[in-house]
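Could you put together the complete structure from these sequences and hints?
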Amino acid sequence: MANRKDETPSVATYADHEVITPSHALRKVIGPAVDGDDPVARAEAALVELSSEFSEWMQKECERLETARRNVKRQGFTAKTHEALFHAAHDIKGEAVTFGYPDAAGVAESLCRLLEHSPEMTRIPLTLVDQHVDAVRAIAREHARPDAANVAGKLTHRLREVTDDFLRRENQFRPDYLESIFAPSLAPGAAGT
Amino acid sequence: MVRIDFNRLRFLVIDDNAHMRRILRTLLHGFGTREVYEAEDGAAGLEAFTHYMPDIILTDWVMPIFDGLELAQMIRQPGANANPYVPIIMLTGHSEKNRVMSARDAGVTEFLAKPISAKALYERILNVVANPRPFIKSKSYFGPDRRRNVNPNYVGPERRKGGKAEVSRQQPLLDKAKVMV
Numbered sequence: 020m021a022n023r024k025d026e027t028p029s030v031a032t033y034a035d036h037e038v039i040t041p042s043h044a045l046r047k048v049i050g051p052a053v054d055g056d057d058p059v060a061r062a063e064a065a066l067v068e069l070s071s072e073f074s075e076w077m078q079k080e081c082e083r084l085e086t087a088r089r090n091v092k093r094q095g096f097t098a099k100t101h102e103a104l105f106h107a108a109h110d111i112k113g114e115a116v117t118f119g120y121p122d123a124a125g126v127a128e129s130l131c132r133l134l135e136h137s138p139e140m141t142r143i144p145l146t147l148v149d150q151h152v153d154a155v156r157a158i159a160r161e162h163a164r165p166d167a168a169n170v171a172g173k174l175t176h177r178l179r180e181v182t183d184d185f186l187r188r189e190n191q192f193r194p195d196y197l198e199s200i201f202a203p204s205l206a207p208g209a210a211g212t
Numbered sequence: 243m244v245r246i247d248f249n250r251l252r253f254l255v256i257d258d259n260a261h262m263r264r265i266l267r268t269l270l271h272g273f274g275t276r277e278v279y280e281a282e283d284g285a286a287g288l289e290a291f292t293h294y295m296p297d298i299i300l301t302d303w304v305m306p307i308f309d310g311l312e313l314a315q316m317i318r319q320p321g322a323n324a325n326p327y328v329p330i331i332m333l334t335g336h337s338e339k340n341r342v343m344s345a346r347d348a349g350v351t352e353f354l355a356k357p358i359s360a361k362a363l364y365e366r367i368l369n370v371v372a373n374p375r376p377f378i379k380s381k382s383y384f385g386p387d388r389r390r391n392v393n394p395n396y397v398g399p400e401r402r403k404g405g406k407a408e409v410s411r412q413q414p415l416l417d418k419a420k421v422m423v
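If you read the protein sequences in the order shown, they are chains B and E. Here our numbering is used: position 4 in the first sequence is 23, and no number is missing along the way. Here our numbering is used: position 125 in the second sequence is 367, and no number is missing along the way.
Possibly wrong hints are sitting among the right ones.
Claimed, not checked - Covered, in the sense of this in silico footprint (three residues per stretch, anywhere, with C-beta under 8 Å from a C-beta of chain E), are these stretches of chain B:
#, stretch
1, 49-59
2, 160-172
3, 190-203
As the list claims (entries may be wrong) - Computed spacing ranges between beta-carbons, pair by pair:
#, chain 1, residue 1, chain 2, residue 2, range
4, E, N373, B, R160, 21 to 27 Å
5, B, G172, E, S344, 29 to 35 Å
6, B, P194, E, D387, 41 to 47 Å
7, B, T40, E, N340, 26 to 32 Å
8, E, R250, B, A60, 19 to 25 Å
9, B, P28, E, R264, 31 to 37 Å
10, E, A322, B, R160, 45 to 51 Å
11, E, R250, B, E72, 26 to 32 Å
12, B, E82, E, N395, 39 to 45 Å
13, B, T146, E, E365, 40 to 46 Å
14, E, A322, B, E82, 39 to 45 Å
15, E, R252, B, P194, 45 to 51 Å
16, E, N323, B, A167, 45 to 51 Å
Simulated from the structure, these hints should not be mistaken for laboratory data. Small disclaimer: the values here were computed from a predicted structure and weren't measured. Glycine is no exception: its CB is placed at the ideal position from the N, C-alpha and C atoms.
Structure follows, in structure tokens:
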């Protein structure tokens, strides 16, 4: 969009730093609000149209998680199998809410914490990995059941509890690290912010 | 209230997950954008950045080859590419304090924790378009000013050396060489 050739930033030089003000090239795309124009509503409507594909996408992400789990059980934790399992869980954590499976996100997050914050990957209990993966798959499979949210909530809570206990024990000699992983999130979240 | 003419903005979406790229493309088209380019890892993202010259980059953190953080560090190299000031919005499932600080220190402009919503994404875009921050260049950092607000109650030491420095600008070596030739 922008022709940047003649956009020279202004520079103020201080003792140990410079403050650079780039030209405001994107100013051109700002205009006064138009009555009745709601880009957020348009985008939400577009997402609703796309949502017919979400259950199939969730199924694919679950299959990817299952494959990654199977490779861990077959080959043990290696850098490659660990990374693949983490990556699969991490993607579900980020996507599950959008796909309409909010309960799966909490379990995936707990699995991510287990994988990321265990100082020695070979000490990660495979049973606990299994329980997380099975829980994600069960939530995705049974999410239409009327009691699904209630059961999923209890399951998530318990898995997170067991995971956090494990992480506390494994990181007991790293108090700074322990504090950082139990610190509240700083990130501006998506829910209305 | 202002309106963004999305039709005139060019976006680059970098995410190794095809589903997430599709969701972002759908949201951006919903806002009114026509030009959305995609890349599926950090290396392809850097190449696409150079080639397409996007106005705004949306990038994931966890990606193969090099990740979103490394990508931001490569883009924030003054003089190394055509637009080191390009707004970078990082969308990620990582939301822990240390992660947010790392992203900030790599020169990321805005941070958006997944799950994303149309409203949250719109607000981040509006912020980088309507309220661009100046850039700070120091020995150890080049990127958007990390001080979004001046805190009148701050009582710690001033880390930036204040006042205009008596700095005599050195002629770049390249210019010197040209004179000598």
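Right, here's what the structure says about each hint:
As drawn, the stretch 49-59 of chain B meets chain E at 8 residues by the rule of a beta-carbon pair under 8 Å; at three or more, the given contact holds. A count of 0 residues in the stretch 160-172 of chain B with a Cβ less than 8 Å from any Cβ of chain E is obtained; the coverage claim is therefore unmet, three being the minimum. Counting residues of the stretch 190-203 of chain B whose CB lies closer than 8 Å to any CB of chain E gives 4, which reaches the minimum of 3, so the coverage claim holds. Checked against the hint of 21 to 27 Å, the pair N373 (chain E) and R160 (chain B) fails, with Cβ atoms roughly 45 Å apart.
Checked against the hint of 29 to 35 Å, the pair G172 (chain B) and S344 (chain E) passes, with Cβ atoms roughly 32 Å apart. Between P194 (chain B) and D387 (chain E) the Cβ separation comes to about 33 Å, which falls outside the hinted range of 41 to 47 Å. Restraint check, T40 (chain B) to N340 (chain E): a C-beta distance of roughly 30 Å satisfies the suggested window 26 to 32 Å. At roughly 21 Å, the beta-carbon separation of R250 (chain E) and A60 (chain B) lies within the given 19 to 25 Å, and the hint holds.
Distance hint check: the CB atoms of P28 (chain B) and R264 (chain E) are about 36 Å apart, consistent with the given range 31 to 37 Å. Distance hint for A322 (chain E) and R160 (chain B): a CB-CB separation of about 49 Å, consistent with the stated range 45 to 51 Å. Checking the proposed 26 to 32 Å range against R250 (chain E) and E72 (chain B) shows it holds: the Cβ atoms sit about 30 Å from each other. Between E82 (chain B) and N395 (chain E) the C-beta distance comes to about 53 Å, which lies outside the given range of 39 to 45 Å.
A hinted range of 40 to 46 Å holds for the C-beta pair T146 (chain B) and E365 (chain E), which are about 42 Å apart. Taking 39 to 45 Å as the suggested C-beta distance range, the pair A322 (chain E) and E82 (chain B) conforms, at roughly 41 Å. Separated by about 47 Å at the C-beta atoms, R252 (chain E) and P194 (chain B) satisfy the suggested range of 45 to 51 Å. The given range of 45 to 51 Å is respected by N323 (chain E) and A167 (chain B), whose C-beta atoms sit roughly 49 Å from each other.
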